[in-house]
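Mapping the sequence shown onto this note's numbering, position 731 (from 1) lands on 731, and the numbers just tick up by one.
One or more of the hints may lead you astray.
Said to hold, decoys possible - With a cut-off of at most 30 Å between alpha-carbon atoms, the simulated DSBU-like pairs for lysine-lysine come out as follows:
hint: 1; residue 1: Lys575; residue 2: Lys511
hint: 2; residue 1: Lys104; residue 2: Lys568
hint: 3; residue 1: Lys525; residue 2: Lys86
hint: 4; residue 1: Lys104; residue 2: Lys177
hint: 5; residue 1: Lys170; residue 2: Lys118
hint: 6; residue 1: Lys104; residue 2: Lys80
hint: 7; residue 1: Lys104; residue 2: Lys184
hint: 8; residue 1: Lys619; residue 2: Lys118
hint: 9; residue 1: Lys515; residue 2: Lys525
hint: 10; residue 1: Lys177; residue 2: Lys75
hint: 11; residue 1: Lys500; residue 2: Lys525
hint: 12; residue 1: Lys503; residue 2: Lys118
Said to hold, decoys possible - Across the chosen pairs, the derived CB separations fall in these ranges:
hint: 13; residue 1: Ser127; residue 2: Arg535; range: 41 to 51 Å
hint: 14; residue 1: Val403; residue 2: Glu50; range: 44 to 54 Å
hint: 15; residue 1: Asn678; residue 2: Asp43; range: 55 to 65 Å
Worth flagging that the hints you see were computed from the coordinates, not collected in a lab. Glycine included, each C-beta is placed from N, C-alpha and C at the ideal position.
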Amino acid sequence: MIYQKLKYPVLAGITVITLVMLWQLISLGFNYDFEAFFPRNNDDTEFFREYRTQFESDNDYVLIGLVNERGVFQKDFLTKVDSLTKLLNTLNNVEMVVGPTNVKEFRRYSMYPALVEKPYINLNESSTYARDSAKIFRTQELVNTLFSDKSSAVAILVKHKQLLDNEGCKQLSIEVKELVQAFKFDEAHYAGRGLGQTIYIDLVQNETLIFLSSGMLLVFLFLFIAYRSFWGIWMPLSVVGLVVAWTVGVMVLTGKEIDLMTNIIPTILMVIGISAVIHLLTHYLSLRRLGRNREEALIDSVKQVGFATFLTTLTTMIGFLTLLNSSVQPIVDLGIYASIGLVFSFILTYTWFPSVLLIHKPIYSDREAKYTDFWNSILVTIDGFVQRKYKFIAIISLAVALVAGYGSLLIKKDNYILEGLKSDHPQQQDFLFFENNFSGARPFEMKIWLTDSNASFFDRSVLNQLDVLHHYLDTVYGVGGLVSPVSIIKNSNKIWYGGKEEKYVIPESDKRLAKLEKDLYRYNKQVNTNIYLNRNHREARVVGKIPDWGSFIVNNRNSELEAFSGSKLDTNLIKYRLTGSATLMDINTNYVASNVIEGLFMAIGIIGIIVGLLFRSIKMALISLVPNVFPLVLCGGIMGFFSIDFNLPTSIIFIIAFGIAVDDSIHFLARLRQELNNNNNLSVALSRTFASTGKAIIVTSLILSGGFLTLCLSDFLGTFYIGLLICITLVIALVCDLLLLPAVILLFYKK
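Assemble the whole structure, with the sequences as input and the hints as a guide.
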């Protein structure tokens, strides 16, 4: 026998490979690249990158929110804010700091070569604070950007080096928090990519260990319950441990770091990998209990279970490989490395595991025999119920499917900036602080340009139209802290007249407009309009902040904006395009929806063909899909009825769940085919199929669902929903495999 001859070489070879893979784990890295979630090979992504190069990034900053319960205009508080602002300016990678005490207004004097700068707050003269406060809250660009009119809070904006790497972000995060904490403000809150990226990477690293340990513990418990013996636990565990080590080792070898999506791969591989081992082990033990020797039992088990395991591995891989259709690189990586892990799982199940079985000599005890009788009684009861009530089961299932189908229609595509974190996470609380006390934390970015090469934003006809657009964005769309060519020109006019608030208007004189345009060139180093206007004044950036309404509301407002601009603006002269990191994430939500639908239909079609070829029956192919599509419909219904949004993380639930759920159906159908080929009638064949595969199906389904349930320990809301909904879907799939699948077979299939 080949297994007997090669058992030691196989174990030695696998041990060597494992040592190499374990050595690679020393170099394992963790990463959170926000831009990796932008649409791949997409015109909107390329447009944003060019826009960012032309102006500046929309999220390379740290926003610090500070609260003073006695009020903002207190000298001790403002003195601390000013000291903090100066210290922040000294940090590495910090390019500019703008805060309440260093923000200045400009005044122009005709005989003076530069603009005169004057702080809005005269820090050393507390007697003027009331006057300073009144002036500040009359200045539109300061209200709810640096000074909150909703609470006793101020904000400091720290602009750092663009596209700062992970190490730079981590160092900046540590330094900023240390400085802020030293001043002991009543409250301090943080937002921005730099700090958020550091928090995400730390969470990914911690949660990978949590998922790995909790998944291993859960598999251990289920194996103990199922087999009640030491050898029945450690041998299957050794297989999944090797699978995880090999897969993560390959990730390191190929330069892939653990990120927000791939940190669930170890858990997925553990619970899926154990399924194949349990089916093989269960069949092997049943033959040993019948008195077969180890070699005969193993060979027969491989023949009986091996083909079904190959098919289940193939179908699960198909589910994951359809993720390669995604427009999001981390989802593509999840599909690639999970598929590689499944290949390792199949190889090790039929090399390492048989070799260990032949070397080790487990003893089958009377306690195990009694436990087997317990399982048999359960399976006989289920079989009897199905054979008597199969029509009732089919009718109830149809009714439930119709209700769930209606719920699926209620699913809403929606995406939030910090949806990745649960509501009670400190970072989410900080984010909500800026949402509730300032203009919002979601960047609003728009590029506008003129199609006429002879026109300029300082042409009155153009400026009047831009004023209409600016007013709409400010009052109807709801953009706070809005900066546009209009606000720049109005502010320039105010500066011209010595800072008089009533002069914050578009000048009536074309001559004055021409002089303001020259002033922008003359004083550009002081006012730095290059991040808003290009040199020819025909392309500009419109920027502000909005609350994180979610992509559903934002998309509706964008549609309303498009209708408004079509009716109120000369679109042959003025063009605009919404862009920015938040906009790209919204666009991705739409792409992901179509990707998932395409991938799901692809997976269903391929798996249907495989089952059809297996049984040489189109009818059986269609029958096999019923109990596997049914759980997806119920999952959609749950999402719809409980208002769980369809977005990037939840999009992969359907494909993964379908690819995994179909495994047990294939094991059931493959065994049924063998029984039918033995000339058993359909009823007897179903009963024998229950007896031989039922325990393995139940145990593997419980391990799978329990394994995914451990993902609910995550602080990432998307990971939480992946774990919860796949767990629920797999439990439903188990019920369908035990009840609905045989019921549909009894109704429609004739041998």
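### Query
Are there hints from earlier that the structure breaks, and if so, what are their numbers?
2, 5, 8
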